[in-house]
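Engineer: Sequence:
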Amino acid sequence: MRSYCSILINSISGAGLRIKKSEVIAQMGPLEGIKVLGFTHFAQAPFALQTLGDLGADVINIERPGSGDFNRSQYAEECLNGESPFFLAMNRNKRSMTLDMKNEKAKAVIQDLIRNTDVIVSNFRPGVLDKLGFGYEEAKKLNPRIIYAHAVGYGRKGPYEKLPGQDLMAQCLSGYTYLVGKDGPPQTGGTFLVDMYSAGMLTVGILAALINRDRGGESQEVEVSLLNSALHLQCQELTHYMNTGRKPQRPKKFSGQVQSWAPYGIYATKDGYLCLSVVAENKVDDLGAVLGIENLKEVMPDKEAMFRDRDKIYDVLQAALDQNRTDYWIEELQKVGIWCGRVNDYEQTVNDPQVIYNEMIQNISHPVAGDIRVVNCPIGFSKTPASIRKAPPLLGEHNEEILKELGYTDEKIEELKGENIF
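Be aware that the sequence shown starts at 1, since it is given in full-length UniProt numbering, and climbs by one per residue.
Fair warning: there could be bad hints in the mix.
[Unchecked claim] Derived Cβ-Cβ restraints for the label pairs, each shown as a range: (1) Q249 with E405: 28 to 36 Å; (2) S219 with Y357: 54 to 62 Å; (3) I266 with F381: 33 to 41 Å; (4) Y357 with Q74: 26 to 34 Å; (5) Q74 with G380: 39 to 47 Å; (6) R308 with I266: 19 to 27 Å; (7) T191 with D285: 32 to 40 Å; (8) F381 with R308: 25 to 33 Å; (9) P164 with F381: 33 to 41 Å.
What the hints contain is simulated information worked out from the structure, not anything from laboratory work.
Keep in mind that this is a model prediction, so the values were computed, not measured.
Even for Gly, the Cβ is constructed at its ideal location relative to N, Cα and C.
Starting from the given sequences, assemble the full structure and let the hints guide the process.
Structural biologist: Here's what the structure looks like:
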C-alpha cells in the first residue's frame with residue numbers, strides 16, 4: 001500500500017508540470033524590517049510565523065535541543081531524506097535556534113532576543129512561558145514596544161484553559177462535525193482546517209497590533225484560540241441557528257452538500273466527478289434543458305423546495321449527469337450560466353492550468369531534502385511581493401548566526417556551547 005507521503009510527492013512531481021524556481025528576491029516584502037520571535041510547534045502558530053516570513057519579516061523560532069518541533073518527525077522516515085513534509089510545509093522563511101529554556105545562560109540569550117524583536121508568538125500552553133520568565137509582563141519590561149501573540153486552544157482563561165488544544169477537539173467542541181458529511185455520526189474535516197484558519201486570524205491580529213503600535217499606540221497582547229476560530233468559521237450556520245432555532249440538517253444520501261443551499265454538491269459523471277453550485281430559480285429550466293430532464297421546474301419550483309427535497313433532487317440530477325463526461329457537462333452548463341466545475345485530485349490540482357498560472361507551486365532547495373516543491377503564499381502584492389527566501393531550517397541551523405547578530409563574540413559562543421544551552 002502506498003504511503004501518504006509517496007502519494008503526495010508523486011502527485012506534485014507530475015510530468016510536464018511547469019514550476020517557477022523561487023529565487024532570493026531583492027524586494028523583501030511589506031514586512032521587511034519586522035522581527036518576530038517564535039516559541040512554536042505543531043501547526044497553528046508555525047503557519048502564522050511562516051506567513052509573516054513570506055511577507056518579509058525576519059522570523060526566529062526557538063526549538064527544543066535534540067528533537068525540535070514535533071512536526072519534524074511526522075512521516076520523516078518515509079520520504080525526503082528523513083525530512084518531514086509536514087514540517088517543510090509550514091516552516092520556510094524562518095531561522096531555527098535551539099535553546100534549553102530552563103538553562104540560566106539560555107534564558108539570558110532569550111532576554112537579548114526579546115530586546116531586539118517586534119513580535120513574540122507562542123502556542124505553548126497558557127502559563128508555560130510565564131513560569132519560565134518570558135510571559136508578557138516580563139517581556140514588556142525588556143521591550144516596551146513588544147507585541148505578544150498567544151495561539152491557544154480554548155482561551156487563556158476559563159474552564160478549559162488548562163486543557164491541551166488541538167484541531168480535532170476544536171472541530172468537535174464547536175459543532176463543526178455536525179456540518180460535515182451525510183446524516184449519521186458526526187464527521188471531521190479532511191485536513192487541519194481550524195489550525196490553518198486560526199493561523200490566518202492570528203496573523204491578522206499581529207498585523208493590526210503592529211499598525212496600532214506604529215501609529216502611536218502601545219505594546220499589547222493578541223490572543224486567538226482554536227475554539228473561537230472554529231466558531232468564527234461557522235458564523236453563517238451559527239447565526240442561522242441562534243436566530244431561528246433550526247439545527248443544521250445534513251443530507252441523508254450524499255455528503256457533498258452544505259446546510260443552507262441546494263442543489264450544492266458533487267455528482268458522479270461518466271468519467272469522474274462534477275461540482276454543481278446553487279442553481280438560481282430562473283436557471284432551473286436551463287438546467288433541465290442541458291441535462292435532458294423534462295419538467296425539472298416541477299421538482300425544483302423554488303428555493304424552499306430545493307432545500308426541503310434536496311435528497312430527491314440529488315437523485316434526479318445524478319441520474320442525468322451519469323450519462324456523459326465531465327468536460328462535456330462543464331462546457332454545456334457554463335454556456336447557460338450555471339456554476340459548475342471539475343473535481344480535482346492532487347495530481348490534477350498541481351497540473352491545473354490556473355494553479356500553474358498563479359505560480360502556487362514553487363521549487364525550493366533544501367540542504368537535506370534536496371529540491372522540493374511547496375505551496376506558495378496566496379497573497380499577491382503589486383509592489384512588495386511575498387517571496388520564499390529561506391528553505392525550512394535544519395534544527396538549530398542558525399544558532400551561531402543569531403548569537404553573532406546579538407553581539408556575541410566567538411569566544412562567548414564557545415563558552416555557551418560548553419554550558420550546553422543548545
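Engineer: None of the hints should be skipped; say for each whether it holds.
Structural biologist: Cross-check of the supplied hints:
no., hint, verdict
1, Q249 with E405: 28 to 36 Å, "58 Å, violated"
2, S219 with Y357: 54 to 62 Å, "43 Å, violated"
3, I266 with F381: 33 to 41 Å, "34 Å, holds"
4, Y357 with Q74: 26 to 34 Å, "31 Å, holds"
5, Q74 with G380: 39 to 47 Å, "30 Å, violated"
6, R308 with I266: 19 to 27 Å, "21 Å, holds"
7, T191 with D285: 32 to 40 Å, "38 Å, holds"
8, F381 with R308: 25 to 33 Å, "46 Å, violated"
9, P164 with F381: 33 to 41 Å, "37 Å, holds"
In summary, the structure is inconsistent with hints 1, 2, 5 and 8 from the numbered list given earlier, while agreeing with the others.
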